[in-house]
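**Student:** Chain by chain, the residues:
2 protein chains.
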Amino acid sequence: MTSLRINGARLNDTLQSTSSQWGAIPDSPGMCRLSLSQADKLARDWLIGECEALGCATKVDQMGNIFAVRPGKAPDRKPIGMGSHMDTQPAGGRYDGILGVQAALEALRTLHERGAETHCPVALIDWTNEEGARFPGAMMASGVWSGRGAAPLAACHATRDSDGVAMRDALARAGYLGETACDWRENGLQAHFELHIEQGPVLEEKGLAVGVVTGVQGMKWFEVRVTGEEGHSGTTPMTKRSDALATASRLITAVNDAARSSPEMPLGGVATVGVIKCDTSSQATIPAGVTFIIDVRARNDDAVSSLSTDIFTRFDSVMRAERDAGSKTAYAVARTWGLPESKFHPDCIAAVRGAAVDEVGAEQVDEMMSRAGHDSAWTSRVVPTGMIFVPSKGGISHNPHEYTSPEHCALGGQVLLQAVLKYDELCSKGTIPAS
Amino acid sequence: MTSLRINGARLNDTLQSTSSQWGAIPDSPGMCRLSLSQADKLARDWLIGECEALGCATKVDQMGNIFAVRPGKAPDRKPIGMGSHMDTQPAGGRYDGILGVQAALEALRTLHERGAETHCPVALIDWTNEEGARFPGAMMASGVWSGRGAAPLAACHATRDSDGVAMRDALARAGYLGETACDWRENGLQAHFELHIEQGPVLEEKGLAVGVVTGVQGMKWFEVRVTGEEGHSGTTPMTKRSDALATASRLITAVNDAARSSPEMPLGGVATVGVIKCDTSSQATIPAGVTFIIDVRARNDDAVSSLSTDIFTRFDSVMRAERDAGSKTAYAVARTWGLPESKFHPDCIAAVRGAAVDEVGAEQVDEMMSRAGHDSAWTSRVVPTGMIFVPSKGGISHNPHEYTSPEHCALGGQVLLQAVLKYDELCSKGTIPAS
Numbered sequence: 001m002t003s004l005r006i007n008g009a010r011l012n013d014t015l016q017s018t019s020s021q022w023g024a025i026p027d028s029p030g031m032c033r034l035s036l037s038q039a040d041k042l043a044r045d046w047l048i049g050e051c052e053a054l055g056c057a058t059k060v061d062q063m064g065n066i067f068a069v070r071p072g073k074a075p076d077r078k079p080i081g082m083g084s085h086m087d088t089q090p091a092g093g094r095y096d097g098i099l100g101v102q103a104a105l106e107a108l109r110t111l112h113e114r115g116a117e118t119h120c121p122v123a124l125i126d127w128t129n130e131e132g133a134r135f136p137g138a139m140m141a142s143g144v145w146s147g148r149g150a151a152p153l154a155a156c157h158a159t160r161d162s163d164g165v166a167m168r169d170a171l172a173r174a175g176y177l178g179e180t181a182c183d184w185r186e187n188g189l190q191a192h193f194e195l196h197i198e199q200g201p202v203l204e205e206k207g208l209a210v211g212v213v214t215g216v217q218g219m220k221w222f223e224v225r226v227t228g229e230e231g232h233s234g235t236t237p238m239t240k241r242s243d244a245l246a247t248a249s250r251l252i253t254a255v256n257d258a259a260r261s262s263p264e265m266p267l268g269g270v271a272t273v274g275v276i277k278c279d280t281s282s283q284a285t286i287p288a289g290v291t292f293i294i295d296v297r298a299r300n301d302d303a304v305s306s307l308s309t310d311i312f313t314r315f316d317s318v319m320r321a322e323r324d325a326g327s328k329t330a331y332a333v334a335r336t337w338g339l340p341e342s343k344f345h346p347d348c349i350a351a352v353r354g355a356a357v358d359e360v361g362a363e364q365v366d367e368m369m370s371r372a373g374h375d376s377a378w379t380s381r382v383v384p385t386g387m388i389f390v391p392s393k394g395g396i397s398h399n400p401h402e403y404t405s406p407e408h409c410a411l412g413g414q415v416l417l418q419a420v421l422k423y424d425e426l427c428s429k430g431t432i433p434a435s
Numbered sequence: 001m002t003s004l005r006i007n008g009a010r011l012n013d014t015l016q017s018t019s020s021q022w023g024a025i026p027d028s029p030g031m032c033r034l035s036l037s038q039a040d041k042l043a044r045d046w047l048i049g050e051c052e053a054l055g056c057a058t059k060v061d062q063m064g065n066i067f068a069v070r071p072g073k074a075p076d077r078k079p080i081g082m083g084s085h086m087d088t089q090p091a092g093g094r095y096d097g098i099l100g101v102q103a104a105l106e107a108l109r110t111l112h113e114r115g116a117e118t119h120c121p122v123a124l125i126d127w128t129n130e131e132g133a134r135f136p137g138a139m140m141a142s143g144v145w146s147g148r149g150a151a152p153l154a155a156c157h158a159t160r161d162s163d164g165v166a167m168r169d170a171l172a173r174a175g176y177l178g179e180t181a182c183d184w185r186e187n188g189l190q191a192h193f194e195l196h197i198e199q200g201p202v203l204e205e206k207g208l209a210v211g212v213v214t215g216v217q218g219m220k221w222f223e224v225r226v227t228g229e230e231g232h233s234g235t236t237p238m239t240k241r242s243d244a245l246a247t248a249s250r251l252i253t254a255v256n257d258a259a260r261s262s263p264e265m266p267l268g269g270v271a272t273v274g275v276i277k278c279d280t281s282s283q284a285t286i287p288a289g290v291t292f293i294i295d296v297r298a299r300n301d302d303a304v305s306s307l308s309t310d311i312f313t314r315f316d317s318v319m320r321a322e323r324d325a326g327s328k329t330a331y332a333v334a335r336t337w338g339l340p341e342s343k344f345h346p347d348c349i350a351a352v353r354g355a356a357v358d359e360v361g362a363e364q365v366d367e368m369m370s371r372a373g374h375d376s377a378w379t380s381r382v383v384p385t386g387m388i389f390v391p392s393k394g395g396i397s398h399n400p401h402e403y404t405s406p407e408h409c410a411l412g413g414q415v416l417l418q419a420v421l422k423y424d425e426l427c428s429k430g431t432i433p434a435s
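Chains A and B, in that order, give the protein sequences. Quick note on numbering: full-length UniProt numbering labels position 68 of the first sequence as 68, and the sequence is numbered without any gaps. Quick note on numbering: full-length UniProt numbering labels position 297 of the second sequence as 297, and the sequence is numbered without any gaps.
Wrong hints could be hidden among the right ones.
[Unchecked claim] To give an idea of the chain B side of the interface with chain A (calculated C-beta under 10 Å), a few residues:
1. R134
2. P201
3. R225
4. T227
5. A248
6. N256
7. C278
8. T280
9. A325
10. V333
11. D366
12. S370
13. S392
14. S397
15. P400
Please keep in mind that the hints were generated in silico from the structure rather than gathered at the bench. For every residue, glycine included, the Cβ atom is placed at its ideal position computed from N, Cα and C.
Taking the hints into account, I'd like the entire structure generated from these sequences.
**Tutor:** Right, dumping it as structure tokens:
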């Protein structure tokens, strides 16, 4: 089994051709494959067809997560999962998430064509709405599956996209409102492995080929609602205004100032406002309502708390100064959710490290923490989990120019398959008991 | 003719009942009657029916402006216009614009039922898209009619609302893409009178009942486009970000700071950002593009220039600091348009003052400048123009709680009719020649 090698050319061909076909941004290398959009639905339909042609049994759960399971020899074992996501940001790239699912498919193809028999079943998983770009709430469906996510099933089903479409309706319309329980206790895994691009500059800067991911940094999101008073832009004196957008701009500036004052990564944190919505949109009206979302991330939960505290302390100063200037605007945190720091399982970390070192040697492999959230962060709460990173050119991601070389994509796929096989071998020996 | 009195109760009844019927915001005193919306179309259809029942000939021009003309005795005279608008802000009130049109209708009703004969024809005018709330560009259609507006006919027809609907299509769908030339040289007026609520606090604070408007302050709008670079909110260090929303927030703060530093009104100016649009809307993506509109107003064109210069000087400092922080964001002014200061005609001002003093006595009347833009600002460029202000409670406008008492509404309607009749008398005597 250790001799099994994936077909790197086939992996890269499939990655590129399916990206071109479903969700490519015209005249750009980028992708817009929002969760449960028509492009995502067609990519999902194709994926299920491919997996079933390899003899896998496919099931879709209540959140639209796809599980394609290749049987193993042991009747008492749950599948070893190889999961990631196929949805993208509105202007994302071809590798974030997509590579992990395509590599899992390539692993299944390799096992199938070589007639390999594993001890545990092996499953490909496509997690729904990982980006949270269409339905607010990143890593939403793996969060539901783990029972530890930001919101339970019913709340996620009720989440609406910017056009007001509820997620449950989007699932039903796409044909992905499945009946399998979205619950790790009912539809479980022995372990979860995920290949992903790094989305940061560390591997490239250090000249490394593979990152053995030991965990995911902590993250927290705050939805902030600023309220003021509508008024005429020409007749309302500056001292009698309660301008929600002016106050929101000062608060967003404070978020940016706080993050810039935080120590540089990897020690410090980052904070971003990527979503802003003004209730009104008229050049002659003073805005009375603005909503924005703050994204705070740092290496551990303490650092997240520390940066968050700095942000809200700065908010207090902004609001005091606004009051002094005659403004009666107010703000409230409408919703807080997050992803506490994650620690991956030593068995999975060891399997990934072993597979990576076998492939490229120890000098091109190092352990690292993920700065981005991943479905694996949620799976790690309930089943042994590990991740493999391959380099991102320039560290760029969530951008059409996100790029990982074909060689690194193929390498990642090979390490994914071998990490799963190493883990499976320990299961077959009984070193790792049934979960 | 000086004995003619409008029916104030009928004016107030019609004002309230039509507002309740077409465009009322549920459970609110406010209005959302966006230009050429279904509510606006129904209000227009009703208005034309009312005017035709009074024996007026109605015509609709290429911008949807409605002219309802009651004939006069002199064949060589163009109509004396009584114009305003029936569209509102998305969360506006029942008086801004609507009062002026309803008072004009009440004046026509009064002339009709008393069988009054005027020298000049008298016209009611409903100007299209005065608010610029649906199709960007306030006082759009009166601007086209005057030939001095921000944009000519074809450009206005091509203007799109936030749903991408072109104004020409909206006009056609509502049945208001008329064939009459939208051009004062082809469809002219002898003069233009407009009754409007003050939208500011001056009359109320001074205990006055009528403002004789002598002109409109200068205004300028700037559409600003900020560009940056998309990136992942978790993996991109703060020093490597070009965050368009962070920069835009700093620029909007600078707009607010500049206006707060300007002298208090009436000497100083005001500046507002009422429109902001972020290209992307994902909590995990650093925004790469943001557009916002700055609205600058001050008592004259020099004061507008001075405040604008201060704003853009502050922008230079913001951009320098952003570069020092590692950001490569940039901004450009994508479009600049405006309304230079307007001066109304002495004959019209005198007619308004005379009518107001007759009604309430000199101690309750004063001259003042308008701080808001009005269709009269454009008509004043090409025909003699005057305006009447009545008090706004608390100076509040562009807000559902905008309010003017029934007594002040009726008073305004009476002054409008009598100002028109005074002006008409000077025409009949030849003191004012044909335009």
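**Student:** Against each hint, give a clear statement of whether it holds in the structure.
**Tutor:** Hint check:
no., hint, verdict
1, R134, "9 Å, holds"
2, P201, "8 Å, holds"
3, R225, "15 Å, violated"
4, T227, "13 Å, violated"
5, A248, "8 Å, holds"
6, N256, "4 Å, holds"
7, C278, "5 Å, holds"
8, T280, "5 Å, holds"
9, A325, "6 Å, holds"
10, V333, "14 Å, violated"
11, D366, "16 Å, violated"
12, S370, "8 Å, holds"
13, S392, "8 Å, holds"
14, S397, "4 Å, holds"
15, P400, "8 Å, holds"
In summary, the structure is inconsistent with hints 3, 4, 10 and 11 from the numbered list given earlier, while agreeing with the others.
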